[in-house]
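Chains as they are written, first to last, in the working numbering: chain W, 76 to 317; chain F, 151 to 363.
Calculated directly from the structure, the hints in this document are not laboratory data. Treat the hints with care, since some could be wrong.
[Claimed, not checked] Label pairs and their in silico Cβ distance ranges:
#, chain 1, residue 1, chain 2, residue 2, range
1, W, ALA109, F, LYS203, 42 to 48 Å
2, W, TRP108, F, ASP212, 41 to 47 Å
3, F, ILE215, W, PHE161, 38 to 44 Å
4, W, ARG103, F, LYS284, 33 to 39 Å
5, F, LYS165, W, LEU187, 54 to 60 Å
6, W, SER78, F, LYS341, 29 to 35 Å
7, F, LYS165, W, SER78, 24 to 30 Å
8, F, LYS190, W, TRP108, 32 to 38 Å
9, F, THR327, W, LEU187, 26 to 32 Å
10, W, ILE150, F, ASP225, 49 to 55 Å
11, W, PHE180, F, ASP212, 26 to 32 Å
12, W, ASN90, F, MET322, 35 to 41 Å
13, F, ASP225, W, ILE92, 43 to 49 Å
Each residue gets a CB set at the ideal place from its N, CA and C atoms; glycine is no exception.
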Amino acid sequence: MKSLSKSILEEIKRNNIKPSLKWKFVLRNYLLWATGIIMIIIGGLSSSVIFYMLINNDWNVYNKFGTGFINFVFITMPYFWLIFLFLFLFMADYYIRNTKYGYRFSLIKIVLLSIFASIIMGVLFYSFGIGKIIDNEFSKRISIYNKLTYDRERAWMKPEKGLLIGVISSIDDNNNFIVKSLDNHNWNIKGEDILIRKMVDFSVGGRVKIIGEIKEDEVFIAKDVRPWIGRSVKSCIRRFKR
Amino acid sequence: MSMRIIVEENCRDKKDEDLVFLILKNQDYFLCLVKKYENKLFNYIRRISNFKKEEIEDILQDIFIKVYKNLNNFDQGLKFSSWIYRIAHNQVISNFRKIKSRPQLVWDEDENILRNISSEFSIEENIDQVLFQKNINNILNKLDNKYREILILKFLEEKNYKEISDILKKPMGTVATLINRAKKQFLVKFKETKNNLYLKDSSLGLQTYEKFK
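Okay, chain W solo, but in the shape it has when bound (with noise of 0.2 Å):
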């Protein structure tokens, strides 16, 4: 063993090797904590898309889908954001646990402090609107976004159990009008007295959910016109344009 320290020694001496500069090494673990916090941040907006499309869902009629509360909250779920936040999660934990006293963390521990922090930035976000901006943005850039995530206007293009949703294409009146459905169908809206909500766009080219019962062919009986929010409204406008 004697020669052993020698000989390192000397292969230290002839091969020239130094150590390595200590920048390098303090840059490394600014660097694994900066992709982990923002893996965190990333993990934030996608919470503030999920709260977003979790607020706006349609749980004041989710007995008109004819599935039950439990079935309809599985349907409605966000699983394409719900991946994205446990991804981004998943990453910044890799990324924390790899500095320099990152270990020194159980996995736990740091699983619940990064959820709990994209819980948190995920409400700021929404609160600034910024959830819905995400939302809209990918759906108008994004074309397999909206095969991905969860499609409202499919939910709601179902007639016979009295969900109707298109665009009004002629007007007689409030209690008659035509609309177009999402899959090119011709509807005459009749009514009496039909609730047209505040928010929705009553004009030829505007976008509607109705509730109401088909009467005969083509013939929906509505009682509820309601508008369209977010997301629904961009996916829609291409998908008409297409």
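Mind docking chain F on chain W? Use the hints.
Quick look at chain F alone, frame taken from chain W:
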């Protein structure tokens, strides 16, 4: 007197952390660290790997070169010994990956250490202590790698929880859990070994065998 001898004399009473500071100014001081740790790490590596002497020396060389290259990455938040053991642990794992099959070379342990461990495991009867001490390496070799190494660090290398946590880069809670599980697995394997031996050699006495059956 050569520079090397001066350095060796100067570093005799120095703490590891101070030596790191000195090495960064004068690489000859590195000799002190190598000398201080070569035997300790040699024993640690042979315990966790069962590699041959020549293989261990090669690994040691790689470890010390890595230590030297990464000296600026050491900070006072850790004990130097934990840091160097961590590098050794990682190097052995990387060598395991290269050598795929794990060799089964059994080394003899120091008797004092063995006696301490048998008291730690509450092995009181003389006949059991002898059996325990004779077979400790065999039993350790039968354990899962994660349990084996943690027992070696705790009982053979005599590291505390904090040091093990820093060496293996695991939280202290996990270290405690692993040690408990490892002890349980160790005792199960010990009883299995003992039963096998009693079954093979009835001269050890049926009475003692029955007790553990």
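LYS165/F paired with LEU187/W, Cβ distance criterion 54 to 60 Å: violated (38 Å)
Verdict for SER78/W, LYS341/F (Cβ pair) under range 29 to 35 Å: violated (44 Å)
Consistency of beta-carbon spacing, ILE92/W to ASP225/F, with hint 43 to 49 Å: violated (21 Å)
Cβ distance range 24 to 30 Å for LYS165/F and SER78/W, holds or violated: Distance hint for LYS165/F, SER78/W holds at roughly 27 Å.
Status of the given 49 to 55 Å range, CB of ASP225/F versus CB of ILE150/W: Given range 49 to 55 Å: holds, Cβ gap about 53 Å.
Range agreement (Cβ of LYS203/F with Cβ of ALA109/W, hint 42 to 48 Å): holds (45 Å)
LYS190/F versus TRP108/W beta-carbon gap, inside 32 to 38 Å or not: holds (33 Å)
Cβ distance range 41 to 47 Å for TRP108/W and ASP212/F, holds or violated: violated (29 Å)
Range hint 26 to 32 Å (beta carbons of PHE180/W and ASP212/F) holds or violated: 30 Å Cβ-Cβ, so the 26 to 32 Å window holds.
CB-CB spacing for LYS284/F and ARG103/W relative to the 33 to 39 Å hint: violated (48 Å)
Verdict for THR327/F, LEU187/W (Cβ pair) under range 26 to 32 Å: violated (18 Å)
PHE161/W and ILE215/F - C-beta distance against the hinted 38 to 44 Å: Holds, at about 41 Å.
In this structure, the earlier hints numbered 2, 4, 5, 6, 9 and 13 are contradicted, and the remaining ones agree with it.
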